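*Asks:* For reference, the chains in residue letters:
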Amino acid sequence: MLEKTIYIRMHHRVQARNHEKIRLEDIAQIIAPEELLPKLKELNIHQVSEKDKNIVIIDVMVVIGVITEVIKNVDIQTVGPAQTIIEVIYKKKGGSISFFLLIWFLLFFGSAMAIMNFHDDVSMQSVQEKLYTIITGVRDQKPLLFQIPYSLGLGFGMILFFNHIFKKRINEEPSPLEVEMFNYQMDLDNYVSIHENKESMKKLDEH
Amino acid sequence: MSIKTIVVIFIGISSGLAVGCGFVAFLAVLGIIPRLTQLSKTMKMIHWYEWAVVIGAITGVLASLRDPVLGLTPYILIPLGITDGIFVGMLAAALTEVLNVLPILMKRVGMDGKLITLLMAIVLGKIFGSIFQWVYFIHH
Chain A
144 MLEKTIYIRM
154 HHRVQARNHE
164 KIRLEDIAQI
174 IAPEELLPKL
184 KELNIHQVSE
194 KDKNIVIIDV
204 MVVIGVITEV
214 IKNVDIQTVG
224 PAQTIIEVIY
234 KKKGGSISFF
244 LLIWFLLFFG
254 SAMAIMNFHD
264 DVSMQSVQEK
274 LYTIITGVRD
284 QKPLLFQIPY
294 SLGLGFGMIL
304 FFNHIFKKRI
314 NEEPSPLEVE
324 MFNYQMDLDN
334 YVSIHENKES
344 MKKLDEH
Chain B
23 MSIKTIVVIF
33 IGISSGLAVG
43 CGFVAFLAVL
53 GIIPRLTQLS
63 KTMKMIHWYE
73 WAVVIGAITG
83 VLASLRDPVL
93 GLTPYILIPL
103 GITDGIFVGM
113 LAAALTEVLN
123 VLPILMKRVG
133 MDGKLITLLM
143 AIVLGKIFGS
153 IFQWVYFIHH
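Chains as they are written, first to last, in our numbering: chain A, 144 to 350; chain B, 23 to 162.
Hints listed in this document are in silico derivations from the structure and should not be mistaken for laboratory results.
Since the model is a prediction, treat every value here as computed from it, not as a measurement.
In this text, a Cβ means the ideal position worked out from N, Cα and C, and glycines have one as well.
Any given hint could turn out to be false.
[What the hints assert, rightly or not] In silico lysine-lysine, BS3-like type, Cα no more than 27 Å apart, as pairs:
| id | chain 1 | residue 1 | chain 2 | residue 2 |
| --- | --- | --- | --- | --- |
| 1 | A | Lys164 | A | Lys234 |
| 2 | B | Lys129 | A | Lys196 |
| 3 | B | Lys129 | A | Lys341 |
| 4 | A | Lys341 | A | Lys184 |
| 5 | A | Lys196 | A | Lys164 |
| 6 | B | Lys129 | A | Lys194 |
| 7 | A | Lys341 | A | Lys196 |
| 8 | A | Lys341 | A | Lys164 |
| 9 | A | Lys147 | A | Lys194 |
| 10 | A | Lys182 | A | Lys164 |
| 11 | B | Lys136 | A | Lys234 |
| 12 | A | Lys194 | A | Lys184 |
| 13 | B | Lys129 | A | Lys234 |
| 14 | A | Lys196 | A | Lys147 |
| 15 | A | Lys164 | A | Lys184 |
| 16 | B | Lys26 | A | Lys196 |
| 17 | A | Lys182 | A | Lys215 |
| 18 | A | Lys194 | A | Lys164 |
[To be verified] Partial list, derived from the structure: chain B residues whose beta carbon lies under 8 Å from chain A:
| id | residue |
| --- | --- |
| 19 | Glu72 |
| 20 | Pro96 |
| 21 | Ile98 |
| 22 | Leu99 |
| 23 | Ala116 |
| 24 | Pro125 |
| 25 | Val131 |
Looking at chain B on its own, in the form it has when it is part of the complex (with noise of 0.2 Å):
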């Protein structure tokens, strides 16, 4: 009995190990805090931010596996949908660009002046997506 437990404990600890880790590098590939620090110019704080993801992460861990039920006001989503969204659009922003899609594109169709305006079509796309998504595609 007491070796199972122990075996069982063993192999969440190691996949708790992998996922986590696999987390880390996936931000660190992507960039997004470095970004985030060179925008606002506080290069110091970074320990501070690896503490945010570690602890955030482990509080979504805890949330999808605990089920806790608060009994809070909805608005607090609010801010909630604000901080997901930007988290999201920052890695869908990062992810196309390790991938080298958009100067590819830009230099394939000769268009390398417009770049702004070709950004902002994929911008508004990714909002008109998401919302058409949530409040008429998937009832459907």
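Next up, chain A with everything else stripped away, as it sits in the complex (with noise of 0.2 Å):
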């Protein structure tokens, strides 16, 4: 008898609610002879609870154990991620604008005042001035000509490296940012895919 081949490739990345019952159609994409996919997508990997906490893993040998207790005889391939991470979201975040209106003034008068530092620790007024002499052969203390230019070319500088015109793009590629972001994500999401996961931990103490 020829067998059948069941192929599973696990999502990346994804969310669900606390008390949710998560089944194999949410966290992989599975391709199965047709009478056994409906079967196959209801299966029950794992219920969502408080001791969970933020995160789950769901590593793909589980899920190949589900699905061999209740289908003999399959063949199982896996392509691509070897676990899903499941983030538990447990209600609505960023609701408080007072909150985020106390990062915004946070970050604003805190990038006001280290540009400041910054300009006094490089001695940038003394340079601007005597830039000014060099150019027009005039003593100004205050080269405001230079210094008004200067202060709005920083802010653009800062718009240009990170590619964004308030919410419009110079151009489709992601900024650097973004990039950025999704770096650090990818890092964190690595950690726990080992670290959280208790397939691929095994401790001294607990044998």
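Got two chains here, separate frames each, mind docking them using the hints?
*Replies:* Okay, structure coming up:
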């Protein structure tokens, strides 16, 4: 008898609510013979509860274990990531406007102070005065003709680097900040998928 | 006498070499030139950009060491100011990015979605701080 083949590709990251039942369909793409497919999709893999906290890792070995319990004589092929990260969402975040404003002004005044400290640290004022004298031959304690364009250019340079003019993009590429956020998220995912994965950690005291 | 001169020249060249290497390495780490070529799609012109940096640095050295007086119109300072500002702004942006400050901060405060708004807080804060300093702060 020819064995039936099931192909499974775990999703990288999914979100779930508390007390939700995680079915195979939620965490993986499946290709299987038609008669098996509905049964496979409904397979219970995990029940989310309080003790899971924020992150649950479902290893592909657990999934294969569940499938072989229910369906015998199948060949299971896995493709792609070896685990799915389930992010448990407890309640909608980001509702508080006052908290947001606090952070906004924290960043605003923080970066204002930081740039002033930087200017003082590198003696920007005396360099600018000197530059004014070199070009015009006149001494001026307040070379505002240089300093105001400089200040505006400062903001523009940051926007240029991050590729955003408020909500419009200069071109289609992702900004370095978005790439950086992505890399940081991947690093975190990588960390939790090993450190929170019961399948890949075997500690001595467990035996 | 001539030995002293040779020693001074040697020390001058070596300190210049060290500072020049440091300057270029700093620019390279922050990746401002690649970022600009990527935005303007002018990868082929990268050698010209290298020379722009080198010539600019040498011009700056001449201006700060020789104290020339050109006696030109002060309005030339407006484009100079803008380009200086953009350059320093890109430096500041690249520096925060290298240090990975923003991704961690956004994650901690749980506001990954409001990236642009929070970024604008930083940008406007820099503009405000800078103008405040030049117009008011330094004369008090």
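*Asks:* None of the hints should be skipped; say for each whether it holds.
*Replies:* Hints, verified against the model:
1. For the hint pairing A/Lys164 with A/Lys234, the CA-to-CA distance comes to about 17 Å; that is within 27 Å, so the pair holds.
2. Taking the CA atoms of B/Lys129 and A/Lys196, the gap is about 17 Å. The hint holds against a cut of 27 Å.
3. Of the supplied pair hints, the one linking B/Lys129 and A/Lys341 holds, its CA atoms being roughly 25 Å apart against a limit of 27 Å.
4. For the suggested pair A/Lys341 and A/Lys184, the alpha carbons sit about 24 Å apart, so the restraint of at most 27 Å is met.
5. Pair hint A/Lys196 plus A/Lys164 holds up; C-alpha atoms about 15 Å apart against a cutoff of 27 Å.
6. In summary, the hint linking B/Lys129 to A/Lys194 is supported, as the alpha carbons are separated by about 22 Å, within the 27 Å threshold.
7. This hinted pair checks out: A/Lys341 and A/Lys196 have alpha carbons roughly 15 Å apart, not beyond 27 Å.
8. For the hint pairing A/Lys341 with A/Lys164, the CA-to-CA distance comes to about 19 Å; that is within 27 Å, so the pair holds.
9. With a C-alpha separation of about 37 Å, the suggested pair A/Lys147 and A/Lys194 falls outside the 27 Å cut-off, and the hint is violated.
10. With a C-alpha separation of about 15 Å, the suggested pairing of A/Lys182 with A/Lys164 holds against the 27 Å cut-off.
11. A C-alpha spacing of about 18 Å is found between B/Lys136 and A/Lys234, which places the hinted pair at or below 27 Å, so the restraint holds.
12. Taking the CA atoms of A/Lys194 and A/Lys184, the gap is near 25 Å; set against the 27 Å cutoff, the hint holds.
13. Straight-line distance between C-alpha atoms of B/Lys129 and A/Lys234 comes to about 16 Å, which keeps the hinted pair within the 27 Å bound.
14. Between A/Lys196 and A/Lys147 the CA atoms are separated by roughly 37 Å; this puts the pair beyond 27 Å, and the hint is violated.
15. Distance check on the hinted pair: A/Lys164 and A/Lys184 sit about 12 Å apart at the alpha-carbon level, within 27 Å; holds.
16. Of the supplied pair hints, the one linking B/Lys26 and A/Lys196 is violated, its CA atoms being roughly 72 Å apart against a limit of 27 Å.
17. Of the supplied pair hints, the one linking A/Lys182 and A/Lys215 holds, its CA atoms being roughly 13 Å apart against a limit of 27 Å.
18. Proposed proximity of A/Lys194 and A/Lys164 is supported: the alpha carbons are some 14 Å apart, at most 27 Å.
19. Interface hint status for B/Glu72: violated, as the beta-carbon distance to the closest one in chain A is roughly 19 Å, over 8 Å.
20. A cut of 8 Å between beta carbons decides the hint on B/Pro96: the least distance to chain A is about 5 Å, and the hint holds.
21. Among the interface hints, the one on B/Ile98 holds; its C-beta lies about 6 Å from the nearest C-beta in chain A, closer than the 8 Å criterion.
22. Among the interface hints, the one on B/Leu99 holds; its C-beta lies about 4 Å from the nearest C-beta in chain A, closer than the 8 Å criterion.
23. Interface restraint check for B/Ala116: the shortest CB-CB distance to chain A comes to about 6 Å, inside 8 Å, so the restraint holds.
24. With a least beta-carbon distance of about 4 Å to chain A, the hint placing B/Pro125 at the interface is held under the 8 Å criterion.
25. The closest approach between the C-beta of B/Val131 and any C-beta of chain A is roughly 6 Å, which is under the 8 Å cut-off, so the hint is satisfied.
Of the numbered hints given earlier, the model fails hints 9, 14, 16, 19; all others are met.
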